[in-house]
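Next come the chains, spelled out residue by residue.
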Amino acid sequence: MLKKLLSQLGIEDERVRLEWVSASEGDRFAAIVDEMTEQVRKLGPFPRNGGGNG
Amino acid sequence: MAKLKVALYWAASCGGCEIAQLAIGEKILKLAEAADIVFWPVAIDVKYKDVEAMPDKSIDACLFNGAIRNSEQEHMAKMLREKSKVMIAFGSCAYEGCIPGLANMFNRQLIFERAYITTESTDNKDKVLPQTSYQAPEGELTLPEFYDTVKSLRQTVDVDYVVPGCPPEERTTWLALEALIQGKLPPKGTVITHNAKAVCDDCPRKRDVKKVKKFYRTFEIVPDPEICLLEQGLLCAGIATRGGCGAPCPQANMPCTGCYGPVEGVVDQGAHFLSAVASVIDSNDPEEIQRIVDDIHDPVGTFYRYSLPDSLLRRARIK
Numbered sequence: 001m002l003k004k005l006l007s008q009l010g011i012e013d014e015r016v017r018l019e020w021v022s023a024s025e026g027d028r029f030a031a032i033v034d035e036m037t038e039q040v041r042k043l044g045p046f047p048r049n050g051g052g053n054g
Numbered sequence: 055m056a057k058l059k060v061a062l063y064w065a066a067s068c069g070g071c072e073i074a075q076l077a078i079g080e081k082i083l084k085l086a087e088a089a090d091i092v093f094w095p096v097a098i099d100v101k102y103k104d105v106e107a108m109p110d111k112s113i114d115a116c117l118f119n120g121a122i123r124n125s126e127q128e129h130m131a132k133m134l135r136e137k138s139k140v141m142i143a144f145g146s147c148a149y150e151g152c153i154p155g156l157a158n159m160f161n162r163q164l165i166f167e168r169a170y171i172t173t174e175s176t177d178n179k180d181k182v183l184p185q186t187s188y189q190a191p192e193g194e195l196t197l198p199e200f201y202d203t204v205k206s207l208r209q210t211v212d213v214d215y216v217v218p219g220c221p222p223e224e225r226t227t228w229l230a231l232e233a234l235i236q237g238k239l240p241p242k243g244t245v246i247t248h249n250a251k252a253v254c255d256d257c258p259r260k261r262d263v264k265k266v267k268k269f270y271r272t273f274e275i276v277p278d279p280e281i282c283l284l285e286q287g288l289l290c291a292g293i294a295t296r297g298g299c300g301a302p303c304p305q306a307n308m309p310c311t312g313c314y315g316p317v318e319g320v321v322d323q324g325a326h327f328l329s330a331v332a333s334v335i336d337s338n339d340p341e342e343i344q345r346i347v348d349d350i351h352d353p354v355g356t357f358y359r360y361s362l363p364d365s366l367l368r369r370a371r372i373k
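If you read the protein sequences in the order shown, they are chains A and B.
Numbered per the numbering used here, the first sequence spans residues 1 to 54.
Numbered per the numbering used here, the second sequence spans residues 55 to 373.
Treat the hints as calculated values from the structure; they're not laboratory data.
A few of these clues could be false.
[To be verified] Distance ranges between label pairs, derived from CB positions:
| id | chain 1 | residue 1 | chain 2 | residue 2 | range |
| --- | --- | --- | --- | --- | --- |
| 1 | B | Asp336 | A | Ala31 | 26 to 36 Å |
| 2 | A | Pro45 | B | Ile171 | 26 to 36 Å |
| 3 | A | Leu2 | B | Asp90 | 45 to 55 Å |
| 4 | A | Ala31 | B | Thr172 | 42 to 52 Å |
| 5 | A | Leu2 | B | Tyr270 | 13 to 23 Å |
| 6 | A | Glu25 | B | Thr311 | 33 to 43 Å |
| 7 | B | Lys139 | A | Glu25 | 56 to 66 Å |
| 8 | A | Leu18 | B | Lys139 | 41 to 51 Å |
| 9 | B | Asp90 | A | Leu18 | 57 to 67 Å |
| 10 | B | Tyr102 | A | Arg48 | 25 to 35 Å |
| 11 | A | Ala23 | B | Thr176 | 54 to 64 Å |
Just so you know, even glycine gets a beta-carbon here, dropped at the ideal spot from N, CA and C.
Just need the whole structure built from these sequences, with the hints factored in.
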């Protein structure tokens, strides 16, 4: 539902990711953070105020 | 005691706030005893140039309703701010953008195309769109500039108080006017209502289970008159909405749509409402959850019906 709402607002699906990681899965957590960081870096910054004026 | 000077103005609004101001009934006579109305386009003939000629801070209070979506409204908001000691955002549009603020799902180009070209009832073969200036044989004609993004009054000028609601309930309007007349206004920044807690606090319906397997639109079911509407699968915003209205909508079997804005301390009403809705879904199965939330057809229009310009995102990104 959150993703549907964000897509209505023009926010790319790739900017939001929901994962459930246990406290014992340190490696997996680090890998997901690395992947996500790289993915968002490729997209570039999201324009402030959706790119609108003001 | 000298009479107060009060101004009332409208910007991007529907006229409902003027009706709400008159809904205080005979109490308007008490207002008239205590205050001179120096500007009120809906009722008295005072021109913009007359307001311009008033000294700075000569108006004691301005009740401003409506959002800001064009240059005329922005100009008037700034001018009335300069002329007024106290600026009151009256109603949801001035407070948080309200229904006109849903135009932030689009931009000027898309809105003009729809309104002036593609609407089924429109005949505009030459695709004429509003211009800010036009040279007519008789001289130049001008229109205000239409903005891409709707802003609230609070995002445009410094606002001292908020009277929430779409439109404000009579009791809320009078609470603010009485404080003004008696010179007992609360601290700057106060959202003036009888109850800073959620609408649920005013609502007599019973809450118990909080488990929902299916969401309904209002025309799909006749709800039980005594049980919480959200628990019956209606998207009632009461839980994420400031009270003080007295909960008239849930008492008339209609879910709260959120017009009094966020509860005290919450920045983003839509996110709060969405989180509350997510917490009542009775399932741990991702596919079933997906089916349940698929019944919510327009999340932005549901969760941010009154508060999109005032939300964290403020508008949609148009590619």
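Against the structure, the hints come out as follows:
1. B:Asp336 / A:Ala31: 26 to 36 Å: 33 Å, holds
2. A:Pro45 / B:Ile171: 26 to 36 Å: 34 Å, holds
3. A:Leu2 / B:Asp90: 45 to 55 Å: 51 Å, holds
4. A:Ala31 / B:Thr172: 42 to 52 Å: 48 Å, holds
5. A:Leu2 / B:Tyr270: 13 to 23 Å: Hint holds: Cβ distance 21 Å, inside 13 to 23 Å.
6. A:Glu25 / B:Thr311: 33 to 43 Å: Taking Cβ atoms as reference, Glu25 of chain A and Thr311 of chain B lie about 42 Å apart, which means the hint holds.
7. B:Lys139 / A:Glu25: 56 to 66 Å: 60 Å, holds
8. A:Leu18 / B:Lys139: 41 to 51 Å: 49 Å, holds
9. B:Asp90 / A:Leu18: 57 to 67 Å: 58 Å, holds
10. B:Tyr102 / A:Arg48: 25 to 35 Å: At roughly 33 Å between Cβ atoms, Arg48 of chain A and Tyr102 of chain B fall inside 25 to 35 Å, so the hint holds.
11. A:Ala23 / B:Thr176: 54 to 64 Å: Taking Cβ atoms as reference, Ala23 of chain A and Thr176 of chain B lie about 60 Å apart, which means the hint holds.
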